[in-house]
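Number of protein chains: 2
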Amino acid sequence: MTTAAVGLVGFGTVGTGVAMILLERGDSIRRKTGLDIRLKAVCDIDTTRDRGIALPAGVLSDDLSRILNDPEITVAIELIGGTTVAKDVVLKLLAAGKDVVTANKALLAEHGRELFQAARQRGRAMAFEASVGGGIPILGSLTNGYLANNIDSIVGIVNGTCNYILTKMTTGGQSYALALRDAQKLGYAEADPTLDVGGGDSAHKLAILAMLGFGAEFDTSEVHVEGIEGIDVRDIQFAAQMGYTIKLLAIGKRASEDIDLRVHAALLPSKHPLAQVSGPYNAIQVTGDACGDTMLYGRGAGQLPTASAVVADVIDMLLGRARITFERLNLYTGRTQRRRVKPIDDIETKYYVRFSAADRPGVLAEIARVLGERKISIASVHQPEVQKPVVPIVMLTHRAREGSMRQALETIDRLDSIRGPSRFIRLEGEEE
Amino acid sequence: MTTAAVGLVGFGTVGTGVAMILLERGDSIRRKTGLDIRLKAVCDIDTTRDRGIALPAGVLSDDLSRILNDPEITVAIELIGGTTVAKDVVLKLLAAGKDVVTANKALLAEHGRELFQAARQRGRAMAFEASVGGGIPILGSLTNGYLANNIDSIVGIVNGTCNYILTKMTTGGQSYALALRDAQKLGYAEADPTLDVGGGDSAHKLAILAMLGFGAEFDTSEVHVEGIEGIDVRDIQFAAQMGYTIKLLAIGKRASEDIDLRVHAALLPSKHPLAQVSGPYNAIQVTGDACGDTMLYGRGAGQLPTASAVVADVIDMLLGRARITFERLNLYTGRTQRRRVKPIDDIETKYYVRFSAADRPGVLAEIARVLGERKISIASVHQPEVQKPVVPIVMLTHRAREGSMRQALETIDRLDSIRGPSRFIRLEGEEE
Numbered sequence: 150m151t152t153a154a155v156g157l158v159g160f161g162t163v164g165t166g167v168a169m170i171l172l173e174r175g176d177s178i179r180r181k182t183g184l185d186i187r188l189k190a191v192c193d194i195d196t197t198r199d200r201g202i203a204l205p206a207g208v209l210s211d212d213l214s215r216i217l218n219d220p221e222i223t224v225a226i227e228l229i230g231g232t233t234v235a236k237d238v239v240l241k242l243l244a245a246g247k248d249v250v251t252a253n254k255a256l257l258a259e260h261g262r263e264l265f266q267a268a269r270q271r272g273r274a275m276a277f278e279a280s281v282g283g284g285i286p287i288l289g290s291l292t293n294g295y296l297a298n299n300i301d302s303i304v305g306i307v308n309g310t311c312n313y314i315l316t317k318m319t320t321g322g323q324s325y326a327l328a329l330r331d332a333q334k335l336g337y338a339e340a341d342p343t344l345d346v347g348g349g350d351s352a353h354k355l356a357i358l359a360m361l362g363f364g365a366e367f368d369t370s371e372v373h374v375e376g377i378e379g380i381d382v383r384d385i386q387f388a389a390q391m392g393y394t395i396k397l398l399a400i401g402k403r404a405s406e407d408i409d410l411r412v413h414a415a416l417l418p419s420k421h422p423l424a425q426v427s428g429p430y431n432a433i434q435v436t437g438d439a440c441g442d443t444m445l446y447g448r449g450a451g452q453l454p455t456a457s458a459v460v461a462d463v464i465d466m467l468l469g470r471a472r473i474t475f476e477r478l479n480l481y482t483g484r485t486q487r488r489r490v491k492p493i494d495d496i497e498t499k500y501y502v503r504f505s506a507a508d509r510p511g512v513l514a515e516i517a518r519v520l521g522e523r524k525i526s527i528a529s530v531h532q533p534e535v536q537k538p539v540v541p542i543v544m545l546t547h548r549a550r551e552g553s554m555r556q557a558l559e560t561i562d563r564l565d566s567i568r569g570p571s572r573f574i575r576l577e578g579e580e581e
Numbered sequence: 150m151t152t153a154a155v156g157l158v159g160f161g162t163v164g165t166g167v168a169m170i171l172l173e174r175g176d177s178i179r180r181k182t183g184l185d186i187r188l189k190a191v192c193d194i195d196t197t198r199d200r201g202i203a204l205p206a207g208v209l210s211d212d213l214s215r216i217l218n219d220p221e222i223t224v225a226i227e228l229i230g231g232t233t234v235a236k237d238v239v240l241k242l243l244a245a246g247k248d249v250v251t252a253n254k255a256l257l258a259e260h261g262r263e264l265f266q267a268a269r270q271r272g273r274a275m276a277f278e279a280s281v282g283g284g285i286p287i288l289g290s291l292t293n294g295y296l297a298n299n300i301d302s303i304v305g306i307v308n309g310t311c312n313y314i315l316t317k318m319t320t321g322g323q324s325y326a327l328a329l330r331d332a333q334k335l336g337y338a339e340a341d342p343t344l345d346v347g348g349g350d351s352a353h354k355l356a357i358l359a360m361l362g363f364g365a366e367f368d369t370s371e372v373h374v375e376g377i378e379g380i381d382v383r384d385i386q387f388a389a390q391m392g393y394t395i396k397l398l399a400i401g402k403r404a405s406e407d408i409d410l411r412v413h414a415a416l417l418p419s420k421h422p423l424a425q426v427s428g429p430y431n432a433i434q435v436t437g438d439a440c441g442d443t444m445l446y447g448r449g450a451g452q453l454p455t456a457s458a459v460v461a462d463v464i465d466m467l468l469g470r471a472r473i474t475f476e477r478l479n480l481y482t483g484r485t486q487r488r489r490v491k492p493i494d495d496i497e498t499k500y501y502v503r504f505s506a507a508d509r510p511g512v513l514a515e516i517a518r519v520l521g522e523r524k525i526s527i528a529s530v531h532q533p534e535v536q537k538p539v540v541p542i543v544m545l546t547h548r549a550r551e552g553s554m555r556q557a558l559e560t561i562d563r564l565d566s567i568r569g570p571s572r573f574i575r576l577e578g579e580e581e
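From first to last, the protein sequence lines stand for chains A and B. The letter at position 302 of the first sequence is residue 451 when you use my numbering, and the numbering goes up by one with no holes. The letter at position 371 of the second sequence is residue 520 when you use my numbering, and the numbering goes up by one with no holes.
The hints are simulated quantities; they were obtained by calculation from the structure and are not laboratory data. As the structure is a computational prediction, the values presented were derived from the model and not from experiment. Cβ coordinates follow ideal geometry from the N, Cα and C atoms, glycine included. Keep in mind that a hint or two might mislead.
Said to hold, decoys possible - Label-pair distances were calculated between CB atoms; the ranges are:
(1) B:Q270 / A:I202: 41 to 47 Å
(2) A:R563 / B:R179: 31 to 37 Å
(3) B:A528 / A:R262: 54 to 60 Å
(4) A:I202 / B:K420: 32 to 38 Å
(5) A:G207 / B:G231: 55 to 61 Å
(6) B:R383 / A:G322: 44 to 50 Å
(7) A:E406 / B:G161: 54 to 60 Å
(8) B:G201 / A:G569: 55 to 61 Å
(9) B:D211 / A:R180: 52 to 58 Å
(10) A:D381 / B:A389: 31 to 37 Å
(11) A:E406 / B:T232: 45 to 51 Å
(12) B:I202 / A:E579: 29 to 35 Å
Required output: the full structure, derived from the provided sequences and hints.
This is how it looks when you write it as structure tokens:
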């Protein structure tokens, strides 16, 4: 039996979950790992709020130095969130000789290079399974079980808020605004939901997945990010009629020279495993050149799922495995391949397009002519019956370069017979 | 960069896949892990057959001592299969000071205790990710990402042969015999399919999953095992009409005193994630008290998926992590909890039952009376229209003790109005 003391910074929802697991599941962890883990110090600016859990006397304080200066504490957990105070705290913890476990995807995506270098310089390690996919063991798999593969693609539903909203829009026919309000009521969306619905949170997670999966370095600011704010419930319904489901996806694909990284809503064939992932669930599809298609599915957020991943990292760190993983990851060591993110205009994919057209003959011919000039061929056309002067024309295209698609739509939107801006959504998950 | 030499015993389908990965993906592995892995010796009784791969001169031989006596080779891979020669070879490899990677589930399920003890005595380690779920990183997740959980249940589709056959019966309406022949033609089933279709292979995998997931020891011979040979295509069709899909499941559940382990076909709600797993795919649902429901999905067999898991273990071993995992697993160390497997008569579940009855009034009342006497309550009755003297009566029950169900069916099958043996299939995957 090995005894170990850990410190926790940030006693919010996930932090409380971590404390619950360490205090209430100690027996099970001892039995399975031989580790006797003591939560020795918890640090938070709010030391009075009732979190529904009784910490042993003297454990909770607002004094970070209780963790920094305690030589018994070798592993510290950062669960503050955000990128300013959290960054400062992690650097202090590393400087004080602690290995650091964090769930902070924003911090890693934005300052990973600097933090990892600081850890290396101090001979410390970092682990961050909880930063992506909550209780889904995805990062551990990318740094172990998938290692014999060249990863071809990583495509995931990694934001539960967006998936909940899109599911409500799909099954309940609700508008985006209504579905968002519903998600806020249930605690699935924050009062300010921008980071979730704008795709930023998914982009942070994609950066971490791609870093580990492709073993590459890239500039995260080059990643193309769209949210779900512009998704119209009509597009969800038209897509459903054609056998597709709309999901917000984090997409990473190995390309020959560069790397294709983007976050946006996409049409998936409704039978696709990712299309079945509903409500607050997350799933990540990893395709390797040896293992083929695989998918990991589970609760991508929430107190205990996320806390279980944090504690798994603490165990991994105390066992000594996480240190090996961190040292071998080659993250930001100069040994990794620096890759350019493929510009969005250069990607090639299929598209769903909706035009708002005057209800008169010849419109379709005009649209088809412009698309043809840009070498975009039409796979199918659907003109839902509506009794209005402006009718939607919905189209699926074959694969086309995005730059050509944008140019074509610009031209089409200037046609006399077009009555509003055209909308396109990319397709994903079909055989090439 | 660390250079390492490995030896491979068994140059069949998966062995050839391992050689392909090590020879052809060396660059990628070096870049990601800093390991330069050399396949130094391959041993097989057949040294002449063309496997479609060119090993470097002198690597292939039929002489095991080339591996045993080479001090440079620290990790050896056993891919012979079977439990007699393979056991002997693994013991020799351990005695010669090699760490051993194996994909051999039968060997581990039947002789795991002895092999792990031998490894411990010699200070060696074993790794076996490829023994369950092919390219699905399930064992690595159970020994890492899930460690903070008390695992409540592990339910999996872990035999691709059975899943392929059941999928063909479900979507094509084929009989079991026809679907099996089809699977054999495509190479999804062996000439002698007994170990697969009889449930034995799933039971081996369940033993490994339960050992790691529940951290318990048990007698594998106590596991209740049924195969799919008795599944009638009519039951698949009746189940489909009621919204269920029949799958062969490996089921492990934590019970208060004992442990519930069984392999049998079961009705799953057709919307259940496991019900969507079709053809040769595998999936394992792991439910933890912290992480909630999760599922890992992918190719459960095949040359490269399985080989990718073997090579991942080799990497894990060479990095030093697999040794830590093996030493901390507490497998067969006397420190693990010895658990009794719950006798099948003591389990409680819902049932699908099909009676073959004479087409006359009062039959249903008689059946209901017998069930009622055993405190089995009926949830729904379906009497498909057929023009025959013998009609099927299909029923779903509420939860009942299996012993009671068996006794009731024995009584019912002796009724005058019953014209053939009643069949029951357990339900799985519904909220309690």
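Hint-by-hint comparison with the structure:
no.	hint	in the structure
1	B:Q270 / A:I202: 41 to 47 Å	44 Å, holds
2	A:R563 / B:R179: 31 to 37 Å	53 Å, violated
3	B:A528 / A:R262: 54 to 60 Å	58 Å, holds
4	A:I202 / B:K420: 32 to 38 Å	36 Å, holds
5	A:G207 / B:G231: 55 to 61 Å	59 Å, holds
6	B:R383 / A:G322: 44 to 50 Å	38 Å, violated
7	A:E406 / B:G161: 54 to 60 Å	38 Å, violated
8	B:G201 / A:G569: 55 to 61 Å	58 Å, holds
9	B:D211 / A:R180: 52 to 58 Å	45 Å, violated
10	A:D381 / B:A389: 31 to 37 Å	35 Å, holds
11	A:E406 / B:T232: 45 to 51 Å	49 Å, holds
12	B:I202 / A:E579: 29 to 35 Å	32 Å, holds
The structure shown violates the earlier hints numbered 2, 6, 7 and 9.
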